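Asks: Listed below, chain by chain, are the residues.
Number of protein chains: 2
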Amino acid sequence: MVRSSNLNVFAAAAKRATNCDGNLYVNLFRRGKHTATATATNDVDIVNEPKEPLIRTATIPGPKSIELIKELNTIQLASPIQLFVDYESSIGNYLCDADGNLFLDIYSQISSIPLGYNHPALIEALRDPANTSAFINRPALGILPPKDLVDRLRASLLSVAPPGLNEVQTMACGSCSVENAMKAAFFWYQTRIRDGREVTREEMDSCLANQYPGSPYLTIMSFKHGFHGRTFGALSCTHSKYIHKLDVPSFDWPIAPFPIYRYPLEDNERENKATDDQCLEEIQDLIERFNRKGRPVAGLIVEPIQGEGGDNHGSKYFFNQLQKIAKSQQVVFICDEVQTGCGPTGKFWAHEHWELDNPPDIVTFSKKMLTGGYFYKAHLRPDQGFRIFNTWLGDPSKLALLERVIKVIKRDNLLESVKETGKEMLKGLKEAETRFPGLVSRSRGVGTFCAIDFVTPELRNEVIKRLHLKGIHCGGSGAAALRVRTTLTFNKNHNDIFIDRLHNVLAELNNS
Amino acid sequence: MVRSSNLNVFAAAAKRATNCDGNLYVNLFRRGKHTATATATNDVDIVNEPKEPLIRTATIPGPKSIELIKELNTIQLASPIQLFVDYESSIGNYLCDADGNLFLDIYSQISSIPLGYNHPALIEALRDPANTSAFINRPALGILPPKDLVDRLRASLLSVAPPGLNEVQTMACGSCSVENAMKAAFFWYQTRIRDGREVTREEMDSCLANQYPGSPYLTIMSFKHGFHGRTFGALSCTHSKYIHKLDVPSFDWPIAPFPIYRYPLEDNERENKATDDQCLEEIQDLIERFNRKGRPVAGLIVEPIQGEGGDNHGSKYFFNQLQKIAKSQQVVFICDEVQTGCGPTGKFWAHEHWELDNPPDIVTFSKKMLTGGYFYKAHLRPDQGFRIFNTWLGDPSKLALLERVIKVIKRDNLLESVKETGKEMLKGLKEAETRFPGLVSRSRGVGTFCAIDFVTPELRNEVIKRLHLKGIHCGGSGAAALRVRTTLTFNKNHNDIFIDRLHNVLAELNNS
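Top line first, the protein sequences correspond to chains A and B.
Mapping the first sequence onto full-length UniProt numbering, position 98 (from 1) lands on 98, and the numbers just tick up by one.
Mapping the second sequence onto full-length UniProt numbering, position 5 (from 1) lands on 5, and the numbers just tick up by one.
Among these hints, one or two may not hold up.
[Stated by the list, open to error] Straight-line alpha carbon distances no greater than 30 Å define the calculated DSBU-like cross-link-like pairs of lysine-lysine that follow: (1) A:K293 / B:K293; (2) B:K70 / A:K147; (3) B:K51 / A:K147; (4) B:K64 / B:K51; (5) A:K224 / A:K316; (6) B:K147 / A:K70; (7) A:K273 / A:K423; (8) B:K465 / A:K147; (9) A:K147 / B:K470; (10) A:K70 / B:K377.
Read the hints as simulated data drawn from the structure, not as lab findings.
Here the structure is a predicted model, which is why all the values come from computation and not from measurement.
Generate the whole structure from the sequences, applying the supplied hints.
Replies: Next up, the structure:
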């Protein structure tokens with residue numbers, strides 16, 4: 001019964017997809033055979049996508065999206081809406097909007113779609129009767145977990161834990177993951193200071209009144225241009241765009257410099273190394289200064305690649321030295337992999353590229369992982385219950401989906417595919433630099449996590465607009481970069497289309 | 001096809017349920033007819049639950065839960081775990097644990113289950129092909145919403161919006177709802193102060209460095225014993241238990257007194273009114289004091305009933321006066337209905353009991369609403385995009401589930417049922433006071449949102465333990481209260497079982 005009803009669903013999806021893009025694709029699966037049972041993951045293949053984008057409207061957003069934006073604007077501020085999307089008709093790496101425009105998606109919902117739209121593995125997870133309860137009975141995970149929680153954690157998060165990190169805490173979103181990772185750092189700092197003594201009555205009472213010593217003057221060090229979320233703790237560590245922070249009270253915590261390199265890297269090794277060393281020296285100074293003035297640095301939080309603040313990459317040398325400083329100063333090293341985690345750099349976790357002797361103390365995740373949370377070293381486990389806690393603490397239904405995502409990543413060697421596609425992508429971006437040196441520069445990337453800078457923010461915005469009109473859905477990073485954030489199933493054929501249309505747009509602008 | 005496969009699922013659930021509790025219940029539905037199509041909600045009835053709890057193990061948690069706690073403890077701190085739960089076999093108001101114990105649930109996952117476990121309406125929502133995409137294609141809701149978002153918001157959140165509030169912002173959880181509601185208050189305060197002038201370069205630059213004036217010295221007033229979440233902003237407004245706050249840096253924001261009444265209310269009207277007036281005077285003073293010292297109060301956040309900090313109720317008089325103070329001081333009034341919202345007080349929103357001339361400025365929600373978020377007055381809409389924003393901004397699949405929940409609440413007149421059951425519950429609690437005046441006091445409640453105090457925290461904890469052994473799953477509030485947090489389908493029959501077993505436990509303890 002389940003099998004039949006699933007096939008019906010697929011047939012309906014195929015019908016909708018056909019409605020959306022005419023006759024660009026008819027068969028929904030690359031291989032003909034498809035058995036939608038719970039254990040049939042190996043028989044399922046990725047969807048057979050259209051061959052190329054198709055734009056039907058003269059403007060983007062089209063008239064239907066514009067109409068829906070107006071309607072939504074009666075309920076909430078709708079000005080940031082780019083498109084209303086027909087998710088039923090979207091497929092794989094192709095996003096179909098309400099007007100029937102079909103975009104090749106290199107933005108993937110701000111980097112949060114792991115396999116593509118309507119992937120059969122996720123439809124299966126949804127239809128699997130073994131998952132029904134997870135979708136409709138959301139538990140208070142920290143006190144009343146489902147009896148299969150340990151199995152689910154092992155089959156999902158723990159199966160991809162960063163080497164050396166064996167504990168994990170789930171959370172509902174990226175911001176909450178960051179906030180709780182920082183709390184874990186503070187708990188550890190104070191536990192170390194207390195050195196076994198009991199919590200005093202003064203500490204208990206003062207913390208309830210938001211006062212010292214129960215609420216200590218501890219700090220978390222973050223980095224210029226970094227982004228870690230928009231709740232009050234996370235936002236105090238975010239320094240990418242003023243519009244995120246303006247008017248919000250903030251913790252006065254230390255903000256360290258992050259290296260901004262010259263490209264191409266191979267031609268600027270000496271200068272970039274000097275940049276690294278200068279940043280590292282300032283970081284060391286900053287920690288010591290805050291420690292001296294009674295506002296000790298309990299932790300630092302850093303992205304492997306600053307994915308909102310301009311796609312700024314730190315070198316392997318920089319991060320290895322940063323970890324050494326953190327260790328020597330007893331500062332908890334929090335690596336924020338909300339955007340870089342789950343494969344887009346060609347390794348499951350971006351920090352694996354650094355080849356550290358031992359992993360960061362905490363690694364946060366969300367987005368493509370479908371659930372928020374963080375991995376951590378055993379000493380960062382809180383000393384008592386209910387210190388890291390909230391009602392939901394995540395959502396088992398997201399673990400059920402993630403389990404299938406991970407199976408597909410492994411089965412289809414998607415990390416290898418990302419590496420191969422990423423090489424082609426970077427080559428294509430560098431060729432754009434060679435062809436249009438007056439327009440673009442600083443091509444950079446690991447895996448498909450790539451970016452290229454434009455001479456002005458205005459030019460970047462114009463290019464994004466024109467790419468939309470050519471059927472490439474994309475977005476920016478920082479002031480003047482185009483950022484590429486694809487799914488893990490984005491392959492060389494997709495890349496050819498993207499690079500071709502990027503070059504076309506640059507050629508248009510070069511000639512105008 | 002869907003119909004048949006759903007029936008299969010139900011049959012499987014019935015089989016599992018039978019395995020769990022022997023032959024306590026055989027038929028899954030009160031009425032025999034059941035058509036599980038997408039539009040057949042009206043034909044579906046609530047599940048036919050077991051007649052009473054059944055405890056099979058000598059201790060709670062039982063051996064299987066204990067084994068699983070040990071296993072989970074290799075992955076994360078598992079000491080707060082109460083039970084591992086067999087959610088597949090749980091049904092309606094009955095929670096089945098991994099050992100096959102069947103509890104009548106008066107805690108409902110910290111008040112977050114609206115209709116009961118495995119409710120047919122939710123199974124339908126899950127199986128409805130129209131919802132497939134919502135479950136597997138989680139969008140970046142703030143830029144690329146699904147084309148049916150407006151319809152979904154109207155059918156779910158807007159259909160139960162507090163009277164007078166027509167705008168809504170979704171969020172993924174309660175803490176994020178609170179954090180963003182506070183940000184909206186800060187934005188409004190500064191917009192008002194700016195009075196049309198442009199944001200200065202100094203404001204832009206200073207906020208990126210976490211400094212004044214871009215990061216202003218504004219504050220949010222919260223209340224003693226209040227609970228609003230555990231992220232840094234929300235936690236600065238939380239004052240219920242020290243273990244939530246200890247070691248976490250905090251904003252030094254004003255903390256106001258919340259009235260603690262004498263019970264029974266009808267015998268203590270004069271004294272309680274005096275308590276209200278004293279609190280109100282201090283609140284007024286506190287706002288003026290913070291305003292004078294350059295740390296203006298932009299908003300206040302308050303629960304209608306302090307649901308974590310001891311089930312402290314504020315009177316209609318108190319809240320009406322509080323709103324007047326807020327209005328006169330231009331302080332945004334944020335009513336946190338994360339725990340009280342969605343019907344447990346017998347009105348959809350607890351603040352409706354206050355009969356305010358106009359609603360609170362912001363009403364936050366989560367838990368039983370299945371999605372986080374907040375309703376707000378139009379002037380609190382941010383003046384620019386991306387100020388209230390994150391990647392997911394909620395989850396359309398939760399709106400799909402909520403839509404069905406609301407239909408059932410309306411169809412089955414569940415708010416009326418809550419009122420009726422609540423009256424019986426409060427009567428039963430008051431009878432306990434009369435019978436055991438040396439053990440319990442201060443019975444209080446609105447709807448089924450009830451509590452009763454014990455003479456000591458130790459007695460409260462002992463009662464909870466014994467109630468578990470008698471098949472009542474329950475929990476505490478504050479230092480010495482038992483809190484009742486049922487689903488909306490908890491009826492008089494359920495209540496009879498709870499009250500009977502509570503009296504039995506008290507009788508045992510009274511005689512020991």
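Asks: Each hint: holds or not?
Replies: Against the structure, the hints:
Between A:K293 and B:K293, the direct Cα distance comes to roughly 25 Å. Compliance with the 30 Å bound is thereby established for this hinted pair. Simply put, B:K70 and A:K147 have alpha-carbon atoms about 12 Å apart, close enough for the 30 Å limit, and the pair holds. Proposed proximity of B:K51 and A:K147 is supported: the alpha carbons are some 24 Å apart, at most 30 Å. The hinted pair formed by B:K64 and B:K51 meets the criterion: a straight-line CA distance of about 24 Å does not exceed 30 Å.
For the given pair, A:K224 sits about 19 Å from A:K316 by alpha-carbon distance, which is consistent with the 30 Å threshold. Using a Cα cut-off of 30 Å, the hinted pair B:K147 and A:K70 holds, with the two alpha carbons roughly 12 Å apart. Between A:K273 and A:K423 the alpha-carbon distance is near 24 Å, which keeps this suggested pair within the 30 Å criterion. Restraint check for B:K465 and A:K147: the C-alpha separation of about 21 Å stays at or below 30 Å, so the hint holds.
With a CA separation close to 22 Å, the supplied pair A:K147 and B:K470 stays within the 30 Å bound. Only pairs whose Cα atoms come within 30 Å are accepted, and A:K70 paired with B:K377 is accepted, the gap being roughly 19 Å.
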